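Asker: Chain residues, written in single-letter form:
2 protein chains.
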Amino acid sequence: MNKKQKMIDVALGRIPGDLAIVNARLLNVYTGEIQDNQSICTSGARIACVGPDVGHAIGCGTTVLDAAGATLIPGLIDGHAHVASLFTAAEFLRYAARGGTTAIVTETMEAYAVAGIAGVLDFLASLKDQPIKFFATAPAMVSTSRAAMGIDPADLDALLAQDEIIGLGESYWQAVLQNRDVFLPIYARTLAHGKVLEGHSAGARGSNLQAYAACGISSCHEPIKADEVLDRLRLGIYVMVREGSIRRDLAAIAGIKDMVVDTRRLILTTDGISPADLMEMGYMEYLVQKAIDCGFNPVTAVQMATLNVAAHFGLDDRIGGIAPGKFADLVLIPDPQTIKAMCVVSNGRIIARDGNLEVAPRKHVFAAASLNSIRISRTFGPSDFCLPCDAAGDTATVRVIEMVTDLVTREVRLDLPVAAGEIKADSTDDLVKIAAIDRTKNPGKCFTGLIKGFGIQSGAMACSAAWDTSCVIVVGADEKDMALCVNRIRDLRGGAVVCASGSVTAELGMPVFGLISELPLEALAARLRAIRQAAADLGVAFPDPLLTLIALTGAAIPFLRICEEGLVNFKDGRTVGLLA
Amino acid sequence: MNKKQKMIDVALGRIPGDLAIVNARLLNVYTGEIQDNQSICTSGARIACVGPDVGHAIGCGTTVLDAAGATLIPGLIDGHAHVASLFTAAEFLRYAARGGTTAIVTETMEAYAVAGIAGVLDFLASLKDQPIKFFATAPAMVSTSRAAMGIDPADLDALLAQDEIIGLGESYWQAVLQNRDVFLPIYARTLAHGKVLEGHSAGARGSNLQAYAACGISSCHEPIKADEVLDRLRLGIYVMVREGSIRRDLAAIAGIKDMVVDTRRLILTTDGISPADLMEMGYMEYLVQKAIDCGFNPVTAVQMATLNVAAHFGLDDRIGGIAPGKFADLVLIPDPQTIKAMCVVSNGRIIARDGNLEVAPRKHVFAAASLNSIRISRTFGPSDFCLPCDAAGDTATVRVIEMVTDLVTREVRLDLPVAAGEIKADSTDDLVKIAAIDRTKNPGKCFTGLIKGFGIQSGAMACSAAWDTSCVIVVGADEKDMALCVNRIRDLRGGAVVCASGSVTAELGMPVFGLISELPLEALAARLRAIRQAAADLGVAFPDPLLTLIALTGAAIPFLRICEEGLVNFKDGRTVGLLA
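The listed protein sequences derive, respectively, from chains A and B.
For the first sequence, numbering that gives the first Met the number 0 gives the first residue as 0, with consecutive numbering after it.
For the second sequence, numbering that gives the first Met the number 0 gives the first residue as 0, with consecutive numbering after it.
Read the hints as simulated data drawn from the structure, not as lab findings.
Just to be clear, a hint being listed does not mean it is correct.
According to the in silico footprint, chain B covers these stretches of chain A (three or more CB under 8 Å from chain B) [unchecked claim]:
hint, segment
1, 30-39
2, 44-52
3, 200-209
4, 214-227
5, 232-246
6, 348-357
Covered stretches of chain B (chain A as the covering partner; in silico rule of three or more C-beta atoms under 8 Å from a C-beta of chain A) [what the hints assert, rightly or not]:
hint, segment
7, 45-54
8, 199-209
Here the structure is a predicted model, which is why all the values come from computation and not from measurement.
C-beta: ideal position from N, C-alpha, C; glycine also.
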């Protein structure tokens with residue numbers, strides 16, 4: 000008898016179910032009710048029946064859990080995560096799965112940029128057969144590097160053919176409108192597969208926002224103010240309110256609850272979470288609790304992390320609510336206001352109780368290619384970071400990246416002395432060198448520029464996880480330390496390194512794609528703290544120096560960025576050189 | 000420049016749009032707001048931009064319509080229609096499209112039962128290139144006739160591969176649970192295509208409703224009381240509140256508005272409409288107005304006929320709301336409480352103003368096979384309707400269909416005299432003969448039974464549009480008139496006929512599939528009135544005698560039904576003979 004036949008027989012009371020949870024309050028995300036005295040019974044991974052009495056489905060062999068009046072909610076869903084970042088899925092899940100999150104939609108661009116479709120498939124394989132569900136989006140590949148811009152159409156089709164690929168990942172609006180010939184065909188292919196286009200409309204307004212919406216995108220996780228949320232909701236865009244390690248926007252946005260009648264297109268998401276935040280705060284349960292604490296109705300808050308997410312991705316036939324035929328992904332919490340998992344059921348199996356994970360996430364053995372993504376063959380030396388200048392005269396006007404916040408930059412132009420055919424920068428004025436070195440597509444291809452306001456007074460720091468590209472990014476006040484950082488990253492097969500006075504002062508190996516450490520999460524968090532401290536010791540005062548560093552290649556953040564091809568002007572998408 | 004590029008350029012204000020509607024109130028189905036001073040501008044069939052000012056998209060060549068403060072709502076959608084019934088799409092649309100309906104989802108089982116996939120494809124062709132959009136569901140084919148039960152898997156796959164086929168049509172719960180081996184594979188195929196299963200859970204409760212939901216169905220249009228609506232909404236099922244010519248449930252169900260917080264899964268539908276009702280009352284605009292009159296908030300009422308329907312079918316990426324990139328399907332109404340179309344825009348084109356259709360629906364030329372679906376070759380005579388009995392004795396106990404309402408029947412058992420090997424029925428006791436004659440699969444195959452309470456005192460009436468089967472259904476107090484009816488239907492290539500005393504007293508030819516008249520709607524309605532009167536003249540007191548007649552083969556209505564194979568017991572789905 001197949002699974003579905005069995006489930007129907009359980010619903011009909013002809014054979015006993017597997018797990019019954021009785022005497023619960025049910026937070027019904029479909030009707031918005033909180034229903035007293037409800038029970039559910041599962042058959043395999045699915046819910047067979049839900050109602051005031053499931054006694055007919057309980058028999059010999061049914062595990063019965065008395066909820067004693069506790070509240071049952073659907074398993075929580077993170078609709079926009081970056082799982083190919085820092086940790087393995089197995090380590091991530093040790094903390095992420097215990098609090099009630101049972102499904103995660105992750106981006107894949109990080110793996111694609113450095114390891115192509117084989118890398119994405121290996122990454123997806125690491126998400127399979129885990130205690131909770133993963134879905135993924137195909138990478139659109141907006142990049143500062145023209146070499147990395149736009150996913151290959153054949154790769155896109157191969158990915159979209161997979162069931163767990165439920166959409167196209169974020170594609171930043173400026174780049175899409177600047178490169179319509181690249182992205183509209185990618186959008187058309189995705190829509191033809193019946194899958195959604197994840198948007199990224201940070202700062203877009205008026206006609207730009209309208210034009211971007213007209214492209215067909217159906218979500219955005221970038222609003223940072225309530226009126227930005229409202230602008231997007233009005234256009235039919237699902238707004239993912241972000242509360243994660245990159246930004247925390249929920250408190251600033253919470254006013255939206257009083258501005259719209261209908262919240263069906265509001266979603267909560269992390270947009271990625273750091274090991275420290277995950278361990279300290281928890282995962283989606285933290286977001287739902289915070290939404291409630293910010294004044295959202297508990298039913299609305301739960302819908303924002305369950306049904307609304309599932310509906311956006313067309314997954315509401317299987318997840319996002321508690322109903323017959325849906326996956327048995329359930330969380331028992333004390334009451335609707337208190338999002339603290341007493342028991343987490345995923346695919347019909349109890350995976351956590353009282354904050355303790357009772358199943359072991361599967362450790363994936365990554366392919367050799369995934370573990371060898373730093374393809375730089377040569378050894379770097381200080382001269383690799385010189386700034387040659389064959390212009391006449393003894394000064395040159397150069398473009399300089401100036402830090403405005405820890406993420407936003409702007410272009411400033413400086414007249415710098417030229418000596419012996421080389422531009423001289425003066426680190427005493429907080430002006431230091433920065434270089435982006437491709438490690439995959441044109442391995443070793445390097446562009447060196449200048450950055451002001453990074454705070455680094457001596458030494459250097461580098462990382463192979465530079466956003467949106469396949470670059471190692473390095474910044475330093477000393478070219479020898481810059482070279483040492485890059486060479487050490489090569490030896491580590493990827494990672495983050497801080498050097499001072501010719502020695503490594505902190506490092507983290509990230510051998511998987513040059514993006515992911517295989518350390519236990521606790522050790523990983525300790526290493527990241529050490530890197531932060533080592534960077535601070537060099538004078539970097541940003542809250543997360545590593546984040547600030549790797550974001551400098553990011554294509555979504557204004558205004559002057561860098562990649563191995565040169566400096567990139569965010570406003571027009573053009574790649575330019577150092578000399579103005 | 001392709002259409003999408005052009006639309007984006009309009010949104011950006013780089014080229015002028017086609018149609019601008021300015022100075023409108025916008026009923027925003029996404030946020031639930033009513034926004035003052037809004038405008039939209041189209042590009043081709045799509046909306047390019049929406050907002051307080053679309054001046055940048057207006058230029059030379061843009062048609063500008065000043066709404067003068069009138070309210071703009073999305074085009075209305077009927078999510079469950081039976082268009083292959085009585086009228087052609089072209090005639091139907093003369094009345095259906097003028098009131099603001101811009102998309103219709105229709106069943107196709109009627110054409111499939113009598114003309115197979117070729118018939119469905121011809122029917123779908125008749126819906127193409129019309130002023131408004133049609134979508135369709137593939138027929139599940141629940142039937143009282145085993146010969147018609149279950150769509151052929153190859154036909155299903157061929158239909159599901161088509162973009163306009165957005166789900167599997169209604170499959171009645173009893174038959175599904177009784178024939179799981181037939182229907183679960185059909186369900187699995189449909190779900191694998193990412194398309195929805197339309198449900199039909201009339202009267203299902205408790206474990207039966209749970210089991211049916213567990214099968215994967217995601218809608219039901221059969222609740223007739225508010226608590227039935229609630230039961231289904233709680234299970235995550237979209238409830239289509241029916242207000243059409245078969246039944247009018249909206250007033251009885253309206254109390255649901257006070258019972259649930261979240262109405263996102265409530266939908267309004269006709270489930271089919273008669274020519275007379277369509278002409279007198281209108282189409283979906285009537286339903287939305289009635290919902291408002293029944294106390295639904297106008298925004299909720301509009302959502303129930305727009306966004307909620309689109310979301311159910313996964314069409315909300317293109318219809319159901321007013322936003323950039325969506326089809327320009329729009330209705331201008333005086334105010335949110337008054338659903339009276341001042342202007343209807345479909346695919347960016349004004350198709351109706353002030354109740355007058357300004358475009359001509361396309362007349363389809365049906366294939367020869369579709370026009371010759373009555374494959375009965377022989378001529379019927381009175382003896383075809385005798386009830387032979389070779390049992391010993393001078394009486395026989397027979398199963399009789401007894402009318403309980405105009406649609407519901409029950410089985411009664413009667414002892415009837417047997418003479419000369421034939422069972423004798425006495426029409427003075429309102430006991431008459433009924434026969435179902437297959438016209439397609441086993442043409443001429445005939446089963447004759449007995450029916451009580453139909454009211455017919457003399458003559459006979461027949462129709463080739465018998466539900467869920469490929470039967471001609473005939474009922475009569477006189478076997479000669481019964482034969483005359485059947486023979487006349489054959490000559491008409493399908494239709495409805497009433498005969499009395501050896502003459503035809505009323506008739507309607509339905510040459511398309513034996514289901515559809517090609518008459519103008521006004522003439523069609525007049526013919527139907529004449530048939531009703533002729534049936535009343537024979538003693539039939541039901542409000543719609545033809546509907547009562549053709550529903551007798553229906554597989555969804557309790558309790559004793561008929562088809563060419565015999566009597567069918569609704570409770571267990573078994574086919575039985577006349578003799579008990």
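Asker: If any of the earlier hints don't hold here, list their numbers in rising order.
Answerer: 6
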